[in-house]
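One-letter residues, chain by chain:
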Amino acid sequence: MEKLVDTGDEVMLRDAARGFLDDAAPLTAFRANRDAGRPYDPALWSEMASMGWAGVLIPEDAGGADMGHRAAGILAEEMGKTLAASPFISSAVIAATALRAAGSDRLAAIAGGEALYALAVDEGAKHAPASSALAAKPDGNAFRLSGRKTFVADGSSANRVLVLARTSGGAGDAQGLTLFDIDAERAGLARTASGSIDARDFATLDFDDVAVTGDDIVGDVDNGLAALGPGLRAGQAALAAELGGLSAGISAITLGYLKERKQFGRTIGSFQALQHRAAHLFSEIEVTASAIANAGRVLDHDPDAAQVAVSLAKARATQTARLAVMEGVQMHGGIGMTDEYDAGFFMKRARVGAEWLGDYGHHAAIVAASRGL
Amino acid sequence: MSDNLDDFRTEIAAWIADNLPAELKGIPRDENTICWGGRNWQFASDAQKQWLERCHARGLTCPRWPTEYGGGGLSRAQEKIFREEMLKAEAPSPLESFGIWMLGPALLKFGTDEQKAAHLPDITAGKIRWCQGYSEPGAGSDLANVQTRAEDMGDHWLINGQKIWTSYADKADKIFALVRTDRDAPKHLGISFMLIDMETPGVTTKPIRLISGASPFCETFFDNVKVPKEGAIVGEQNRGWDVAKYLLTHEREMIGGGGGGLMSGSTLSDMIGTMDPAATADPVLRAEAMELEVDAMAFALTMERYKDMAESGAGVGNASAMLKYYGTELNKRRHEIIMSAKGSDALDWGHGAAAPWLRTKANSIEGGTSEVMLDIISKRVLELPSK
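These protein sequence lines map, in sequence, to chains A and B. Using this note's numbering, the first residue of the first sequence is number 1, and each one after it goes up by one. Using this note's numbering, the first residue of the second sequence is number 374, and each one after it goes up by one.
Among these hints, one or two may not hold up.
Unchecked claim - Partner residues aside, some chain B positions facing chain A, computed with beta carbon under 10 Å: (1) R402; (2) N405; (3) A660; (4) A662; (5) E677; (6) M682; (7) G690; (8) A692; (9) E744; (10) L747; (11) D748; (12) S751; (13) K752; (14) V754; (15) P758.
Read the hints as simulated data drawn from the structure, not as lab findings. In this text, all values refer to a predicted model and were calculated from it rather than measured experimentally. Each residue gets a CB set at the ideal place from its N, CA and C atoms; glycine is no exception.
Take the sequences, apply the hints, and build the full model.
Set out below in C-alpha cells:
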C-alpha cells in the first residue's frame with residue numbers, strides 16, 4: 001500500500017487546483033451562482049474539463065487523464081474548501097467509474113465535459129439502493145420504466161441519466177435491479193428541480209413509461225447493484241473528500257475570525273474555552289483526513305474491496321463536517337447566522353453531503369459489520 | 374528498493390521462525406511476561422533470556438539504533454517490516470524499557486560520544502533499567518516548575534528534592550531526571566537533564582497505590598544525593614528543557630499510539646464476544662460501540678499517516694499533541710463501553726475489566742493532560758493569540 005501522504009505529483013495537483021479555484025471559484029462565485037439561481041457555472045466546468053478534471057478517472061485512450069481516485073479526492077477536497085459547485089462527482093466520478101467498469105463507449109464524452117450525468121438511485125428520504133422499486137417492465141426485447149426517483153444530484157441540468165430500476169424481484173432484493181444509461185430528454189421522463197438548501201441542482205425524476213432497450217443497460221440485467229457499485233463507492237469517497245475540504249475551509253475561516261474579532265478588550269481566540277474547541281476540531285479534521293486519503297488509496301489499489309475504507313471515510317467526513325460547520329457558526333456569533341456571511345453556505349452543503357450517497361448510520365453500520373457487529 | 378525490502382522481509386521472517394523459543398509464541402503481553410531487563414532482573418523463563426540474547430545479538434532490541442551501540446541499524450521501512458513480521462509470528466517484544474523509548478532517543482540526539490558509549494550498549498543489552506524523573510508534587514502540568522535542586526559542589530552535584538509518578542523507580546537502576554541547576558534563571562532556562570544512579574546513597578522510593586490498585590508509579594526522594602559531574606548532564610547545562618520537550622514528543626506519540634500497551638488492541642468483535650446477551654441487544658450501547666469503532670479505525674490510519682509524514686521528512690512537530698489527545702480519549706471511551714457491555718459482571722475485581730478501565734483514566738493525564746495537549750494545538754499549531 002502506498003503512503004497516506006500526498007506524493008510529489010499529488011502535491012502539484014493540489015497546489016494547481018487550489019490556485020485555480022481560489023481564482024476561478026472563490027466563495028463570492030458560489031454566492032453569485034446562488035443569487036442567480038444557477039446551480040453551477042457551465043463556463044467553470046468547461047475550464048475544469050480542459051484541465052483534465054472531467055477525465056480524472058477516464059483512461060488516456062478515451063481522452064482522460066487517468067489520475068486515479070486519490071487524485072479525484074484531492075480535487076474534490078479543494079472544491080470543498082471554496083464550495084466550488086460543478087457536476088464533478090456526478091459525472092467525472094460516479095458515472096465515469098461505473099461506465100468505465102462496464103466498458104461503455106461514452107467515456108470520451110465525459111472526459112470532454114460534454115456528457116453531464118446524474119445518478120438516479122434514491123426513492124425515499126434515505127439512501128438504500130437495494131430498496132429501489134422503480135419498475136422496468138419487459139416489453140419485447142426492451143423495458144419500460146415507470147416510477148419516481150428523488151434527491152437526484154445534478155438531475156435537472158444533466159443530459160444523461162444513470163437510473164437503477166427493478167427488472168425482477170421485489171423492493172429490498174439485492175438482485176433483480178438493472179442499471180440503465182439513458183438520454184435525459186427521453187420521452188416520458190419529467191425532471192423537476194427541487195429547492196435544495198445548498199443551492200445546487202437536486203431534482204425529482206418521474207418516469208412515465210419510458211422506453212429503454214438492451215443497448216441502454218450498464219453491466220448485466222438483474223445485476224445492477226454490481227454495475228453501480230464501483231461508481232457508488234467512488235462517489236462516496238469523493239464526497240467524503242469534498243466534506244473533508246469543506247471542514248478545512250470553514251475551519252480556516254473560523255480560525256481567522258478567532259484571531260481578529262475582539263470582545264471584552266481581548267481577541268476572542270485568546271479565550272481557552274474557544275481554543276480548546278478549535279483544537280478539538282483540528283483533531284477531528286486530521287483524523288478524518290487520514291480516512292479520506294486511505295479511501296482513495298484503497299480504491300486505486302483494490303477497488304472491489306474498498307467499501308469499508310470508503311464507508312469509514314464517508315462516516316467520519318459526515319460527522320467532522322457537522323462539527324466544523326456548527327463550530328463555525330457558533331464561534332462567529334451573530335454574524336455567522338446572517339446570510340451576508342458565508343458560514344451558512346458551508347452548513348447547508350454539509351447537511352446535503354451528510355445525506356447524499358448514504359448517511360452516517362448507513363456507513364458506520366458497514367464499518368461496524370466488517371468488525372463483527 | 375521494494376525488492377530489497379521483500380528480501381529483508383523473507384530474511385527477517387525466517388530469522389524469527391528460527392530463533393523464537395516455541396513457548397514464547399503467542400504469549401500474552403502483561404506484567405508477568407514483559408522483559409524489562411536491568412541489574413536485578415529475574416527472567417521469567419530461560420526462553421525469555423534466550424530470546425533477549427538472540428535479539429540483542431542481531432540488534433533487534435533497538436532495531437533503528439546504530440550497530441556500534443548494539444542496535445540493528447535498520448531503516449524505518451525495515452523496522453516496520455520487522456514489527457509486522459514479529460506480529461505475524463506472535464513474537465513478544467524481547468525487551469521494553471524507558472531506556473529504549475526515551476533516554477536512548479535523547480542521548481542519540483543530545484548526548485556526547487562518551488555518554489552514548491557509556492549508556493546505549495547497556496540499554497540495548499537490557500543490562501540497565503532506567504526510569505524517568507520529571508513530575509514533582511508542585512510540577513505536574515506546569516512541568517517547568519520543577520524544584521528538585523542540584524547544587525554545584527565543585528566535583529559533584531548535590532541533589533535534594535522529590536519526584537512523583539516515577540514509573541518503576543523501585544525497580545530501576547538509574548534515573549534520568551529534570552533538576553534545577555540555576556535557581557535565578559527564568560524557570561525554563563534553569564533546568565538540566567541529569568543522569569543519576571538509583572543506588573547512590575540518599576535516593577529512596579515509595580510505591581503509589583492508584584484507584585485501579587497497585588501501580589508501577591512511585592515517589593522518589595533525593596536527600597543530599599551526590600552525583601559525580603562527569604557525564605551527568607545530557608545536552609547543555611540549564612538547557613534540559615529542550616531535551617525534555619524533545620522526549621515529551623516521543624512519549625506522546627507512544628502513549629497516543631498504543632506504545633506501552635495503553636491502547637488495547639481489542640476489536641469490536643472481541644468486545645461483543647464478551648457481551649451479556651442483554652447488552653448485545655441494547656441499541657444505544659451497540660451504537661456507541663459502532664461509533665467508537667469508526668473513530669478508532671480512522672485514528673489507526675492517522676497514526677499510520679503521521680508516521681508516513683515523519684518518514685517523508687514533513688515535520689509532525691506539535692501536531693503530535695493531537696495523537697496523544699485523541700488516542701487517550703479514545704481509549705477511555707473504549708473501556709467505558711467494555712464496562713457497559715459486561716455490566717455487573719465487570720464490577721467484581723476478580724473479573725479483570727475494572728482495573729484496566731480505571732487505569733485508562735490516567736491516560737489523559739500522564740505525559741501531558743488532554744487540556745495541555747489542546748493548549749499546545751491551539752497555540753503552536755493553530756497559532757491562536759495569547760491575548
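Right, here's what the structure says about each hint:
1. R402: violated, 22 Å
2. N405: violated, 29 Å
3. A660: holds, 8 Å
4. A662: holds, 6 Å
5. E677: holds, 6 Å
6. M682: B:M682 check passes; min Cβ-Cβ to chain A is 5 Å, inside 10 Å.
7. G690: The hint is violated - B:G690 has no Cβ within 10 Å of chain A, the shortest such distance being about 13 Å.
8. A692: holds, 7 Å
9. E744: holds, 7 Å
10. L747: Holds. Min distance 4 Å.
11. D748: This hint holds: B:D748 lies near chain A, its Cβ roughly 7 Å from the closest one there, short of 10 Å.
12. S751: holds, 4 Å
13. K752: holds, 7 Å
14. V754: Holds: closest Cβ of chain A sits about 7 Å from B:V754, inside 10 Å.
15. P758: holds, 5 Å
This entry does not satisfy hints 1, 2, 7, going by the numbered hints stated previously.
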